[in-house]
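K.L.:
The residues making up each chain are set out below.
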Amino acid sequence: MENSLLILGIGNILWADEGFGVRCVEALDAGWQFGDEVKLMDGGTQGLYLLPYIEDARRLIVFDAVDYGKRPGEMVIARNDEVPRFMGVKKMSLHQTGFQEVLACAALGGKLPESMTLIGVQPEQLEDYGGSLCDVVKARIPDALKVALECVARWGIACSLRTSPAGAHIGSGVLGMDSYEAGRPSAEQACRYGDDRFLDRFRFDAISSLESGQVIPAEQ
Amino acid sequence: MGSYETQGFKLDNSGKRVVVDPISRIEGHLRVEVNLDSDNVIRNAVSTGTMWRGLEVILKGRDPRDAWAFTERICGVCTGTHALTSVRAVEDALGIQIPENANTIRNIMQLNLFSHDHLVHFYHLHALDWVDVVSALKADPKQTSELAQSISSWPLSSPGYFRDVQGRLQKFVESGQLGPFTNGYWGNPAYKLPPEANLMAVTHYLEALDFQKEIVKIHTILGGKNPHPNWLVGGVPCAINVNDVGAAGALNMERLNLIKNILDRTREFVEQVYIPDLLAIASFYKDWLYGGGLSSHNVLSYGDIPQKANDYSAANLLFPRGAIVGGDLTKVNAVDLRDPEEIQEFVNHSWYKYPDENKGLHPWDGITEPNYHPEGPNFKGMRTKIENLDESAKYSWIKAPRWKGNAMEVGCLSRMLLGYVQPKQYPFIKETIDGVLKKLAIPITALFSTLGRTAARGIETLYSVHLQSEQFDKLMASIKNGDTATANIEKWDPSRWPSEAKGVGFTEAPRGALGHWVKIKGGKIDSYQCVVPTTWNGSPRDAKGQIGAFEASLLNTPLAKADQPLEILRTLHSFDPCLACATHIMSPEGQELSKVTVR
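Protein chains in written order, with our numbering: chain A, 1 to 220; chain B, 1 to 599.
Bear in mind the hints are in silico, worked out from the structure with no lab data behind them.
Among the hints, a few may not be true.
[As the list claims (entries may be wrong)] The calculated DSSO-like cross-link candidates involving lysine-lysine, where the alpha carbons are at most 30 Å apart (straight line), are:
#1 111(A) / 213(B)
#2 225(B) / 39(A)
#3 260(B) / 39(A)
Generate coordinates for the entire structure from the input sequences, incorporating the hints supplied.
P.N.:
Okay, structure coming up:
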């Protein structure tokens with residue numbers, strides 16, 4: 001379509017702040033409505049399988065949790081060429097097809113969207129399995145939506161406050177944020193931590209400690 | 001541990017240790033450590049899952065009718081197959097019978113996952129283990145065209161077409177920011193294709209990436225949306241109304257025709273591009289028959305694609321079910337997912353806690369209690385940064401599942417072998433395998449290899465598109481007969497459930513046998529256990545020291561270059577490994593997806 005726009009939230013809602021992107025799209029869908037040229041999508045962790053949707057779009061907005069080494073809750077906005085893309089051929093699994101690689105594939109096929117905006121937030125907490133967004137990250141959703149809506153306006157795409165009921169495709173049902181949070185089993189019932197070898201790297205104090213060779217006491 | 005023998009393999013960890021660890025700032029999945037002898041031959045292999053995966057525990061107390069939606073989020077690739085397994089488990093527990101049409105539609109979706117996943121796996125993940133992208137730049141487009149036309153009637157094969165792709169590739173390789181393929185081991189002597197074959201394969205890599213978008217449309221049509229299609233306990237959430245018009249709502253003639261059209265084109269792509277490429281590549285690697293591992297000993301499949309609805313017995317399954325043990329191809333053992341003595345998980349070498357670790361636990365009695373303590377006399381590093389694991393202690397987040405005490409290989413090679421040895425029930429599989437063996441002039445034993453696994457995946461793709469057409473015809477016939485039922489909601493309401501129930505659901509995921517075991521109490525999930533394919537294949541050792549399929553597959557493989565473990569990646573990729581629940585954090589410095597350390 002002439003002015004097609006894909007607004008994509010990516011990440012895994014089961015790992016706390018990793019769900020930021022998906023929750024942004026949910027919130028956008030709940031509050032605003034768009035014309036047929038705009039597609040809102042909960043992309044989950046679909047990696048390469050998102051390629052067709054990206055290639056079909058003239059413009060792309062992506063919400064995601066990003067690690068740019070900022071303070072938790074700080075936002076990052078990258079546009080067009082600033083949006084990272086690369087391919088890794090040594091990955092072990094299709095599951096390691098990160099979003100950057102999807103963009104690289106689109107570029108290789110000559111089908112990268114004409115304009116792209118990445119709206120990211122630095123996560124605070126990832127190792128809270130089954131958990132929801134931390135306050136500092138959740139508080140950024142309105143800001144992230146504001147940036148997205150500015151892009152939409154700048155591209156001359158119509159949008160208005162929602163008057164009709166939200167579509168059934170995003171954020172409804174059991175995985176919607178409210179139901180997801182309310183149905184969470186207790187910490188005694190369900191272990192919530194991850195593998196600290198991997199997850200610790202996302203904490204600044206941990207990164208600096210690692211570099212100075214200290215042993216980090218594990219948090220339980 | 002020094003050296004010891006198990007399952008016919010000799011393990012020796014005295015040589016230098018090589019660590020291949022794709023842990024990055026982005027994700028954590030799978031790490032292998034191997035010991036090489038003085039000739040760079042792998043003599044010991046240790047596979048470890050690097051991430052806690054505890055979907056089970058967060059399902060406690062949830063509504064069992066919603067479990068599929070959570071399991072769909074376990075990972076990004078196998079969404080549908082987890083959802084299907086989950087609804088089958090709940091239906092089994094509650095005694096819910098689904099309509100024939102629902103079964104057929106589920107089959108079409110599941111088979112669609114196979115053709116999609118296998119195609120993407122082959123070209124996007126695995127081809128570059130065999131195909132040297134940089135060498136493709138040196139190819140002569142005219143000769144490439146001749147090669148392509150000699151093996152297939154696929155129309156996109158002119159010299160100009162290949163020249164054009166080569167030009168794009170050149171530009172891409174040169175472009176600074178993308179630098180896409182700079183991570184590869186290009187030029188490694190383990191690459192054996194001539195430049196023209198490389199260019200042909202890279203070209204089809206691009207075509208496959210493009211074509212996959214057609215295949216996924218079927219999931220959108222039948223699942224209501226994509227990604228994350230909808231599923232339903234009791235059937236499928238997809239009404240049939242052939243007289244309906246327009247894009248919204250029910251399955252109408254227009255959509256059925258679109259499905260038919262996509263199925264035909266997928267079949268064409270598989271027959272004219274994927275299979276000829278596979279055979280062409282294989283013909284250059286016929287001498288590289290490493291990586292068989294457990295496949296010549298023990299293979300397992302739960303089976304899938306029930307012909308008739310609600311009958312999950314082996315005789316009714318179009319994907320074979322059974323177990324071969326000890327390499328005895330004359331005997332297919334029956335597999336019972338309910339029998340507490342058959343499938344059991346052990347944690348002697350896994351970072352979990354059982355009250356009594358001498359015993360394995362059947363998934364209905366399964367416990368998922370993390371106990372992360374990297375340790376052992378040979379362990380080096382710290383909790384947050386492991387340098388060397390010690391396989392004599394606990395060393396993986398993956399449990400060790402066993403079938404009647406045996407470590408098993410699951411996946412496409414297991415399925416195709418089980419089909420091959422039962423030709424009466426699976427003539428298509430038998431004939432196709434015989435055709436491939438004849439074409440490559442290799443014996444059946446050549447299938448017990450990395451290459452054999454890769455070939456089995458292609459053969460299975462062919463089988464899947466063939467079955468898919470059959471299932472589609474069946475659906476059309478049923479609709480023509482006036483049957484439009486797609487769901488049975490008799491027992492939708494929890495007031496109609498027993499106060500306690502337990503069930504098991506299974507599928508064959510593209511990467512292997514997948515089971516979900518659920519217990520329901522008072523209308524809520526009391527316990528939920530998933531045993532996923534990569535738990536079988538990526539299994540660590542058990543109390544007896546028996547190794548898992550990944551570990552076995554790496555043994556005795558020579559590396560052309562110790563610091564470029566191309567052969568390790570090639571073999572592990574051939575399993576299409578899947579360690580679920582990827583986190584996809586975006587980082588601007590993603591280049592270092594994989595790290596190799598030689599000690």
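K.L.:
All the hints need checking, so say for each whether the structure fits it.
P.N.:
Consistency of the hints with the structure:
| no. | hint | in the structure |
| --- | --- | --- |
| 1 | 111(A) / 213(B) | holds (13 Å) |
| 2 | 225(B) / 39(A) | holds (12 Å) |
| 3 | 260(B) / 39(A) | holds (26 Å) |
Of the numbered hints listed earlier, not one is contradicted by the structure.
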